[in-house]
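**Student:** These protein sequence lines map, in sequence, to chains A and B.
Residue numbers for the first sequence, in the working numbering: 1 to 471.
Residue numbers for the second sequence, in the working numbering: 472 to 728.
Quick caveat, the hints were computed from the structure, so don't treat them as lab data.
The calculated EDC-like cross-link candidates involving lysine to aspartate or glutamate, where the alpha carbons are at most 20 Å apart (straight line), are:
(1) A/LYS165 <-> A/ASP175
(2) A/LYS177 <-> A/GLU63
(3) A/LYS415 <-> B/ASP620
(4) A/LYS57 <-> A/ASP36
(5) A/LYS403 <-> A/GLU313
(6) B/LYS639 <-> A/ASP430
(7) A/LYS367 <-> A/GLU313
(8) A/LYS65 <-> A/GLU79
(9) A/LYS415 <-> B/GLU530
(10) A/LYS28 <-> A/GLU47
(11) A/LYS448 <-> B/ASP620
(12) A/LYS415 <-> B/GLU567
(13) B/LYS639 <-> B/GLU670
(14) A/LYS165 <-> A/GLU53
Beta-carbon label-pair distances, calculated as ranges:
(15) A/THR373 <-> B/GLU605: 52 to 60 Å
(16) B/GLY541 <-> A/ALA432: 21 to 29 Å
(17) A/GLU380 <-> B/GLN582: 28 to 36 Å
(18) A/HIS409 <-> B/GLU721: 56 to 64 Å
(19) B/GLU532 <-> A/LEU464: 31 to 39 Å
In this text, a Cβ means the ideal position worked out from N, Cα and C, and glycines have one as well.
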Amino acid sequence: MPSNEIIQGLGLDDYKFGFVTDSEPVFKTRPGLDADVVRQISARKDEPEWMLERRLKALRIYEAKPMPQWGGDLSELEETLSRTYFYSKPQEQMERSWDDVPENIKQTFERLGIPEAERKILAGVGAQYDSEMVYHSLKEEWESKGVIFDSIEDGLKNHPELFRKHFGTVIPAADNKFAALNSAVWSGGSFVYIPPGVHLETPLQAYFRVNQERLGQFERTLIIAGEGSRAHYIEGCTAPVYSTDSFHSGVIEIVVNRDARFRYTTIQNWSNNMYNLVTQRALVQQGAHMEWLDGNLGSKLTMKYPSCYLMGEGAHGEILSIAYAGDGQHQDTGGKVIHVAPRTTSSIVSKSISKGTGRSSYRGLCKVYDGATHARSNVECDALLINETSRTDTFPYIEIDEKSATVGHEATVSKVGDEQLFYLMSRGMDEAEAMALIVRGFIEPIAKELPLEYAVELNRLIELEMEGSVG
Amino acid sequence: MDDSPILAVTGLEAGVADGDLEILKGVDLAIRPGEIHAIMGPNGSGKSTLAKVIAGHPEYEATGGGVAFGGEDLLEMEPDERAQAGVFMAFQYPVEIPGVSIANFLRTALQSRLEDGEELDLFDFQELLMERMELLDMDLAFAQRPVNDGFSGGEKKRNEILQMAVLKPALAVMDETDSGLDIDALQVVARGVNALREENPEMSVLLITHYQRVLSHIVPDTVHVVVDGRIVESGGPEVALELEAQGYEEYRKAHAA
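So here's chain B without its partners, still in its complex pose (with noise of 0.2 Å):
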C-alpha cells in the first residue's frame, strides 16, 4: 500500500479573508489514507478554520504554508474543484436551500462530476440513493425534503451523512458534526461514519471535536490538539481521554505566549 498522506498541511497559516488577523500559525498535518484524525482545542483556537481552509470557504485565506491533497495543491483548486478531487465537508452549520429537494441536489452534485454532455442516468441515481439511504438506516422519504430547510439540528448533520456516502469521498472533513447532537442523533452520524468507512477501509476522516464523547464511537487512529494555532500536542486516543479530565487550561498554561 502506498504510505504517502491523502492529505499533506504544512507550516499553513490562515486567517480570515478581509482580516489581519491570524488564527493558524504552522500547522502541519500528515494524514494517510484509511486514517482517522480528530483534532480537539478550545473554542477560538482555529480548529474549524483548518477545516474550511481544506474545504475553501472564501471568507478564510491561507497566508503561509501549504496543502497538498493527492499531490496536488489543494489551495490552487476552487471549492467545486477540491469537492471533484475527493474532499467533503461536513458542515457545523448546514445551509438551508428552500425548494431543492436533497435527491434533486445530490442528483446536480453528482452530475456536475461528470463530462460535459454526459448525462447522469436517473434510474442508476435512483438505485444509488435508495441503496446509500439503506446502509444508513434512513427513511426514504427524507430525501424528498428541501435542502436542511425547517430540519433539526439532527436531521441536518444526517443529511450531511448522507451526502457523505453518496458522493463517496476520498477524505471526509467533519466541522464539529457532534456538535448539539443528542445521544441518539450522534449515533447514527457515528454509524454512518463507521460503515462508509467499513465499506471503503482507504477513506480517510479528519474530525473536528470539541467533546471527547464523540471519540467513543468514531474511533481515532492519532489525537491532535490545538492551542491558539498551533498543533500542541499529538498521540493516540488516550490524549482525548487525558483532555477530558484535566481540560483545556493546562495546555493553555503550558503554551501561553
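Pulled out of the complex, with its shape left as it was, chain A reads as follows (with noise of 0.2 Å):
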C-alpha cells in the first residue's frame, strides 16, 4: 500500500497538520457505516455475542432515527459522515515522531506551559509516558482497594457479569440518534467500578491510560460508584486536541448507588473542523451526589447536555459547564437534572463566552415528576459577548408536575464593556490583557473548582484567545 493511502486511512485526509508516518498499514474499515462494518469492529474486539447483537440493534435505531432538527446545523453533517471510518486499530500501531509534529503546534504547547511528556500525547506522538511510575503505584493502590481503572474493552473482557449488568442501562441506544450511533460503534473510553465504601483522594484521571490508546472518535465510558464510594474522573486537557478525526461522538454512563459522591471533570479543546456530540448521564441513587464539571472549547459545534437522573430520595446533582465559543463556532450546551424522588436537589451553573462570530446556546431541562415532594432546583446562565458581533440565546426548558416543588431560573447576558476595558487599561494593562482578566473573572466561580493544573491551563488558554480578540 502506498503511503499516502496509509495516511488516509488515519483521517489525516489532507495532510493538514503534516504529520507523516512510516508505520506498516493499520486495520480500518472501509468509509461510512453498514452491518458489515459493525460485525468487523466486533469481531476485531474478539466480543461475545450478546454484544454484537446490541450493536447491530443499535445500529438499526440509528439509522431508524432522524437527524435531529433542534439544536446546532448538523446539514453537512451527513456527508461527513458518509466518509468517515467508523473503526481504525487504534494507535499503537502508529507512532509518529515528535520532530514531525508542526513547529506552530508545538508552540502553542510551550505556551500553554503543558510538561513535555503530555505534548507528546497531545500531539499523538506515542512515547514513554514521564508519569508513567505514578500511574504504576497508583494503580497498586487501586488494586489494593478493589478498583478497576481499565480500558472499556478491557472491562468487557475481564468483568463480563458487571459490565452487562449496567452497560447501556444508563444511556440506552434508542435515547438519541447519536447515543444509537455510538452503541453501535463505541470503540475506546474507559471502565471504572468504584467498590462500597471506597474513597479515593487522587482522582482517576484518563490520560493515565489515553498514552496507550487514543481516546476514541466514539468512546464510551461506564462508571459505577458503589455505595458511600467517594471519586472524582478527570477526563481530557485544555490543550488543543489535533484530532483530525471531524467527528467525535461520546457516550458516557454512571452510576452513583446509594450515598455514594462522584465528580467527573472533563475539559475539552478540539479542533476546529469538528463536530461534538456527546450524551452524557448519571444516574444518582437514594442519598447520592453526582458533580459534572463540563468545559468544551473549539470544535465546529458542540451538543453536549451532562444529565443527572435524580432516582432516590435526597439525591443531589450538579452541573457546572464553561462554554466557549471562538470564531465560527456553536457551542451547544447546558445539562438537565431529571427530579424522579423525593427531597432531591439539583443545581446548574452555566457560563459561556462568545468571541467574534462565535455563538453560545444555553440549552437546559429541569423536569419534575408528580411525586418528588419537595425538590429544589436552581438554574443559572451567564453569557458574556466579546465582540459585536457574538451571539447568545438561552434555551431553558422547565417541567414540573410536583406542587411541592422549588425551581429558580436566572439568566444574564453581559458584554464587555468599554468602561472596564478603559478601567483595566488606566492601570496599565493593554486591551488584550485587560479582556483576558475581564474573561477570567467571568468563568471564576467554575474554574476554581477545577484542579489547579487545569485552571491555570485554561487560564493561559483564555490569554492567548484574548489576544486575537481585538483589532
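Work from the hints to combine the two standalone chains into their complex.
**Tutor:** Here it is in C-alpha cells:
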C-alpha cells in the first residue's frame, strides 16, 4: 500500500497538520457504516455474541432515527459521516515522531506550559510517559482497594457480568440518534468500578490510560460508583487536541449508588473542524451526590448536556459548565436535571463566552415528576459577549408536575464594557490583557472548582484566545 | 531640582468623541513635580472632562491644544501607555470586575509593566502588597475581594487609593474622589494621599473636586476655578475658601458669554 493511502486511513486526509508516518498498514473499516462494518468492529474486539447483537440493534435504531432538527446546524453532517472511518485500529501502531509535529503546534504547547511528556501525547506521539511511574504506584493502590480502572474493552473482557449488568442501562441505544450510533460502533473509553465504601483521594485521570490508546472518536465510558464510595474522574485537557477526525460522539454512563459522591470533570478543546455530539448521564440513587464539571472549547459544533437523573430520595445533582465559542464555532451546551424522587436537589451553573462570530447557546431541562415532593432546583446561566458580532441564546425548558417543588432560573447576558476595558487599561494593561482578565473573572466561579493545573491551563488558553480578539 | 512641569496642558479644547459639543474651551495648566493642584468648578463646567482627557478615556476627544507629560505628547498615547508612563486616575465611579480579586488585578497591572518574557515574582508582589496595605492601614483580607464588586462607595474609593499606592504614579489625577464620602471615608482617602506624598514628595496631584472640604485634608499649592470650560481664576488655597463663601454664582455671572 502506498504511504499516502496509509495516511488517509488514519484520517489525516489533507495533510492538514503535516504529520507523516512510516508505520505499517493498520486495520481500518471502509468509510461509511453498515452491518458489516459493525460486525468487523465486534470481531476485531473479540466480543461476546450479546454485544454484537446489541451493536446491530443499535445500528438499526440509528438508521431509523432522523437527524435532530434542533440545536446546532447538522446539515453537513450526513456527508461527513459518509466518509468517516468508523473504526481504525488505535494508535499503538501509528508511531508519529515528535520531530514531525509542526512547529506552531509545539509552540502552542510551549506557551500553554504543558509538560513535554504530555505534549507528546497530545500531539499523538506515542511516547513513553514520564508519569508512568506515578501511574504504576497509583494503580497498585487502586487494585489493593478493589478499584477497577480499565479500558472499556478490558472491562468487557475481564468483568463481563458487572459490565453487562450496567452497560446501556443509563443511556439506552434508543435514547437519541447519536447514542444509538455510539452504541453501534463504540471503541475506546474507560471502565471504572469503585467498590462500596472506598474513598479515592487522587482523581482517576483518563490520560494515564490514553497514551496507550487514543481517545476514540466513539468513546464509551461506563462508571459504577459503589454505595458510600467517593471518587473524582478527570478526562481531557485544555490543550488543543489535534485530532484530524471531524466527528466525535461519545457516550458516558455513570451509576452513582446510594450515598456515594462522584465528580466527573472534563475539559476539552477540539480542533475547529469537529462535530462534538456527546451524551453523558448519571443515575443518582438515594442520598448520593453527582457533579458534572464540563468545559467545552473549540469544535465546529458541540451539542452536550450532562444530565443527572435523581432517582432516590435526597439525591443531589450538580452541573457546572463553561463554554467558549470562538470565530465560526457554535457551543450548544447546558445540562439536564430530572427529579424523580422526593427531596432531591439540583443546581446548574452555566457560563458561556462568545467571541468574534462565535455563538453559544444554553439549552437546559429541569423536570420534576409528580411525587418528587419538595424537590429543589436552581439554574443560573450567564453569557458574556466579547464582540458586536458574537451571539448567545438561552433555551431553558422547565417541566414541573409536582406542586411542592421549588425551581429557580436566572439568566444574564453581559458584554465586555468599554468602561471596564478603560478601567483596566488605565492601570497599565493592554486591551488583550484587560479582556483576558475580565473573561477569567467571569468564569472564576467554575474555574476555581477545577484541579489547579487545569485552571492554570484554562487561564493561559484564554489569554492566547484574547490576543486575537482585539483589532 | 528640575523645574519643568511634569504635566503641561496648553490651550486644550475637548469634547465627547462623537458629539459636537465643546466642553473644554482652551485650558492652560502646568503642574511641576511635587505640586498639588485643585480644580474646582460647578457641575458641567468640564473639570471631569479634563481628568478623562488626561487619562485617555475613549469617549472623550481633544480637538485642539495639547497635553505633554514629562515632555511626551500624552494625547498620542493609549490609556495603558499613559498608565505605564506614570499617570494614574482615581475614578469617580470605579468599575466592577466580578471574579477578579484586587490582589490578582494589581498583580496583572504590575506584570503588564514588565518586558515580554519577564515574570513578576509572586513573593515580591505579596510583600509589596502587604507593605502598601499596612501603609494605608488596610485589612489584608480586603485584597482578596473581587474588584469593586458589591463595594460601598467608601470601599471603592479606598480601593482606588490602594491601587495608587501599589502603582506609585508620578501624577495622580483624582476625579471627584471625595464625592459621596462621609467624613471618615474622606479622611481615609486623604491620609492615603498624604502618606504617599510623604513617601514620594515628587508625586504630583491633580485634585478635581466640587467641595472645599477635601482641601483642608489635602492641602493644594494652587487652586483653579473652572467655569464653562475655562480656568477663570487661579490662586492659593484661599481661593477655595472664597469660593466656599460665595458659591460659583459670582464666577458664572462674571464669565457669562
